[in-house]
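The lines below spell out each chain.
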Amino acid sequence: MPLDRANVDTDAIIPAKYLKSIKRTGFAEALFANWRYLPDGSINPDFALNQPRYKDSTVLLARENFGCGSSREHAPWALNEYGFKTIISASYADIFYNNCFNNGILPITLPAEDIDDLFAEVEAEPRMRLKIDLVDQTVTAPGGRVFHFEIDQFKKDCLLKGLDNIGWTLSFDEKISAYEENRKNEAPWLFAAS
Amino acid sequence: MTDGGAAAQQPRTMFEKIWEAHVVRDEPGQSTLLYIDRHLVHEVTSPQAFEGLKVSGRKVRRPDATFGMVDHSIPTTPLGNYGKRSNVPVVDNESAIQMITMGQNAADFGINFFNIDDLRNGIVHVTAPEQGITLPGMTIVCGDSHTATHGAFGSLAFGIGTSEVEHVLASQCLLQTRAKTMEIRVDGELPFGCTAKDIVLYIIGKIGTGGGTGYVIEYTGSAIRALSMEGRMTVCNMSIEAGARAGMVAPDETTFAYLEGRPFAPKGEEWEKAVAYWRSLTTDPGATYDTVVLLNAANILPQVTWGISPGMVTDVTSEVPDPESFAEPAKRESATRALAYMGLTPGTKIQDIMLDRVFIGSCTNSRIEDLREAAKVAKGHKVAPTVYAMVVPGSGLVKEQAEQEGLDIIFKAAGFDWREPGCSMCLAMNGDKLQEGERCASTSNRNFEGRQGKGGRTHLVSPAMAAAAAIAGHFVDIREWS
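Read top to bottom, the protein sequences are chains S and Y. Our numbering applies: residue 2 is where the first sequence begins, and numbers increase by one. Our numbering applies: residue 41 is where the second sequence begins, and numbers increase by one.
Next up, chain S with everything else stripped away, as it sits in the complex:
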């Protein structure tokens, strides 16, 4: 689904009033709520998400600085739950980018010219499908054109393995304790009882 706006912030992805749940689910209805629904609550036929030609999209095509603003992880939760598994953009805000990896969403970065080309292709063929290969780091368009993307190898690995980050970190418990012992001597005020 193409979202042809730059600087889409996380307030737009999920407005604050929907952040009141204490669960990680139930956010699909809130995705892009202020653009998706009209003031009376009915669906806005002009917004891409509501258009039949983009039904069942799993790839979100966006412009630069996607996900800027608030750190709310509810943004990728909503995207994920709605059905988006991949985002393709020229650039992302840092916190949002990290949040995606922690939720099984692949954020692909491509040069602005390639993004322009993809927008043109979707315009011409709204139901087009992209072949996305994380291992090879490629996006293949219907005509056969291959876009190669760069990605941090560690983040790629974690995504492919579905790694439990916390479990992995805690496997270094001894190193963490060693750091703490050393630091207690250097800067005892960091470990003062409160």
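By construction, these hints were calculated from the structure, which means they are not laboratory data. All values derive from a computational prediction rather than experimental measurement. We treat Cβ as the ideally placed atom computed from N, Cα and C, and that holds for glycine. Fair warning: there could be bad hints in the mix.
[Stated by the list, open to error] Pairs of lysine to any residue residues, derived as SDA-like cross-links and limited to a Cα-Cα distance of at most 25 Å, are as follows: (1) S:K176 x Y:E309; (2) S:K157 x S:G84; (3) Y:K99 x Y:N152; (4) S:K185 x Y:P103; (5) S:K24 x Y:A147; (6) S:K185 x Y:E60; (7) S:K24 x Y:D148; (8) Y:K124 x Y:K99; (9) S:K18 x Y:V130; (10) S:K18 x Y:P129; (11) S:K185 x Y:E309; (12) S:K162 x S:T26; (13) S:K185 x Y:E310.
[To be verified] Here chain S is said to cover these stretches of chain Y; the calculated rule only asks that three of the stretch's residues, wherever they fall, bring their Cβ under 8 Å from a Cβ of chain S: (14) 62-70; (15) 75-85; (16) 171-184; (17) 191-201; (18) 333-345; (19) 396-406; (20) 468-482.
Put chain Y on the given structure of chain S with help from the hints.
Then chain Y, alone, in the frame of chain S:
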């Protein structure tokens, strides 16, 4: 001390020193495992994290380093007959559940917690610094992007998502990729009528909302040095609006004077040792940043945003821009869309823009100095009959101090609504919000579409500018105020 005295070491920036002092594990091809000194927690981004801990049977590794508060969803309704804040009805049941859950999690996991009746409670980024929880040289995280605020003390402070909140609770560490460094040097004297808020809005206008992406910014220069700690907090707070990971100001005598004696700051011999260490954190002569931006404070005028991102900003003496005046087609399109949402016509003088609401508050500008500035402007005047203006102090202690100084009396006499502390209308989660189409002068940090209420139109300004606008009913050049 691993940092001091190694003459053969390469000159390092403050960011590099702090980063390197917190590395627990760093292997090529893997994210760095970074130790976190302070973890601030609030009711909106933590419940799922604590639940994750419960489900996996894990504990909080450093409950002593973890501080919980309630700020986003709490009502700011004046106490009146309620007696205490915990008696005041919450905007909806879900928010009430979030607040109760925060308290329950704090008790279950043994972390520090300031509940809603505790005077120390407030907006996390106001309370932690005033309590001395924030100290130079620390790594500080919170499930909130404006964690960048704490960088004002020379700490590495940034926002994280809820999964990372859980990660830090469980391990006191975070997996991070090292950012690049940017120096933003603001030299020269800040003109009369301009404030820290105008400096940071000016910076964002110059480098853009993505200008800092991938960077940690260090703010240097005489104009930054001249700011008080609260001013430095305002600047660092909005680093995120320029896309930066974090923003920092090197600690100096101003920092030490602010911190000395605060409840969670070190005392006695430890204080001396700490100050010596903090002095060693400043960027070494000869250290290089990946990018340098040089600005002259003398060029800054009071700023007002006109659009739907903090980068869409101009001088108060200027006009709403014509989208056609932008060189890039994408910028022309964004500007056109912004003006349509904001209901503004190109060429309209900023000072002719009429307002419905004024909000003085938020983690950007709700500290005692902000309130003093606004009160100075408001004294002896009355809020325009067309405007509803509210003042929301940043914490219970800020409110108490403001009342000791009689600021509340000044505000109330002028017709401002003097309210209880909280995030309030910065993001409209607690019931304080704009109606569709209402135009607001706000001292907060984001003017995104719908941020302060669906269809609400936000203009970001400094506290003095907001107070003056409340009285005049439209924006005025604060430099001409009497």
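To see whether the hints hold, each was checked on the structure:
no.	hint	result
1	S:K176 x Y:E309	violated (29 Å)
2	S:K157 x S:G84	holds (20 Å)
3	Y:K99 x Y:N152	holds (14 Å)
4	S:K185 x Y:P103	holds (16 Å)
5	S:K24 x Y:A147	holds (20 Å)
6	S:K185 x Y:E60	holds (16 Å)
7	S:K24 x Y:D148	holds (18 Å)
8	Y:K124 x Y:K99	violated (33 Å)
9	S:K18 x Y:V130	holds (14 Å)
10	S:K18 x Y:P129	holds (17 Å)
11	S:K185 x Y:E309	holds (15 Å)
12	S:K162 x S:T26	holds (23 Å)
13	S:K185 x Y:E310	holds (12 Å)
14	62-70	holds (count 4)
15	75-85	holds (count 4)
16	171-184	holds (count 5)
17	191-201	holds (count 4)
18	333-345	violated (count 0)
19	396-406	violated (count 0)
20	468-482	holds (count 3)
Violation of the numbered hints given earlier is confined to hints 1, 8, 18 and 19; the remaining hints are satisfied by the structure.
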